[in-house]
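What follows is each chain in one-letter form.
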Amino acid sequence: MIHLQLFARYRETLGVEHEQIPWRDDFRDLRSLRDALVQRGAAWQVLDETQLMCARNQTMCSLDETLEDGDEIAFFPPVTGG
Amino acid sequence: MGIVVQNASFDPGQMLNQLHASQLGIGAVVSFVGYVRDFNEGREVAGMLLEHYPGMTEKALQAITEEAAERWPLLGIEVLHRVGHLAPGEPIVFVGVSSAHRQAAFDACHFVIDYLKTRAPFWKKENTPEGSAWVEARETDESALARWQ
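Sequence order for the protein chains is A and B. Each residue of the first sequence is one higher than the last, beginning at 1 in full-length UniProt numbering. Each residue of the second sequence is one higher than the last, beginning at 1 in full-length UniProt numbering.
Each hint should be verified, as a subset may be incorrect.
If you want the ones that stay clear, here's a sample from chain B, every Cβ over 10 Å from chain A, calculated [to be verified]:
(1) Val4
(2) Ala8
(3) Leu16
(4) Gly25
(5) Ile26
(6) Ala28
(7) Ser31
(8) Glu67
(9) Gly84
(10) His85
(11) Ala100
(12) Gln103
EDC-like, lysine to aspartate or glutamate: derived pairs with alpha carbons at most 20 Å apart [said to hold, decoys possible]:
(13) B:Lys125 / B:Glu51
(14) B:Lys59 / A:Asp71
(15) B:Lys59 / A:Glu72
(16) B:Lys125 / A:Glu17
(17) B:Lys125 / B:Glu41
(18) B:Lys125 / B:Glu44
(19) B:Lys125 / A:Glu12
(20) B:Lys59 / A:Glu65
Bear in mind the hints are in silico, worked out from the structure with no lab data behind them. Quick reminder that beta carbons are idealized off the backbone N, C-alpha and C, glycines included.
Just need the whole structure built from these sequences, with the hints factored in.
Structure, rendered in structure tokens:
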């Protein structure tokens, strides 16, 4: 199971704050998860933008980061705090 | 070292005093306070909503302050960031650093706010006369990091 979290514009556009995604054998890295989500349909293509940021188990990482069953994965637009 | 994420407002003066109160070896305290402006990109701003990623926010701020403490000889660091609804004029963020001498305090404070701007999971949504809109990240925030790398 992957514990997916979305924030800010992505959360609003997709109407999804968090979701449990059953583990798939073709999940390799965060990019493979992102690609699977984008294939869900039009609205999900928002995750295909180049400025997308992500975190694995609450630490920022790249889409090349290895994905493991049980991970908490977050996708979000560039941060704007401070 | 202190990390606080809260809805409530805060008194920057009180934060400064706290930083200095603890140790007599402190010769310098440098702070940064960020406030909500009443305009942005030419639009009036009536207020904003600050969203964050509970859990990761605290971890990210902790990592940033720990890195600052490794790079400079600091005697204290305090970071407070607000979330939720904020009105123009209200403080959003406080970064305060203390050290024996000023240069370390200046540099560490600058480093912490530059990193926070691009590495801590906060997102601003502004209320304007045309409706509410997510604030876009600035490229200058990302390039500000370059000086520390």
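Do the hints match the structure? See the list:
1. Val4: holds (14 Å)
2. Ala8: Holds: least Cβ distance 17 Å, greater than 10 Å.
3. Leu16: Nearest chain A Cβ is 18 Å from Leu16 of chain B, so the label holds.
4. Gly25: holds (29 Å)
5. Ile26: holds (25 Å)
6. Ala28: Holds: least Cβ distance 22 Å, greater than 10 Å.
7. Ser31: holds (14 Å)
8. Glu67: Fine: 13 Å to the nearest Cβ keeps Glu67 of chain B off the interface.
9. Gly84: Holds, since 13 Å exceeds 10 Å.
10. His85: Check passes; 15 Å lies beyond 10 Å.
11. Ala100: The assertion about Ala100 of chain B holds, with a minimum of 27 Å to chain A.
12. Gln103: About 23 Å separates Gln103 of chain B from the closest Cβ of chain A, which puts it past 10 Å; holds.
13. B:Lys125 / B:Glu51: holds (8 Å)
14. B:Lys59 / A:Asp71: Holds, at about 16 Å.
15. B:Lys59 / A:Glu72: holds (14 Å)
16. B:Lys125 / A:Glu17: Between Lys125 of chain B and Glu17 of chain A the Cα gap is close to 16 Å, so the pair holds against 20 Å.
17. B:Lys125 / B:Glu41: holds (13 Å)
18. B:Lys125 / B:Glu44: holds (13 Å)
19. B:Lys125 / A:Glu12: holds (11 Å)
20. B:Lys59 / A:Glu65: holds (19 Å)
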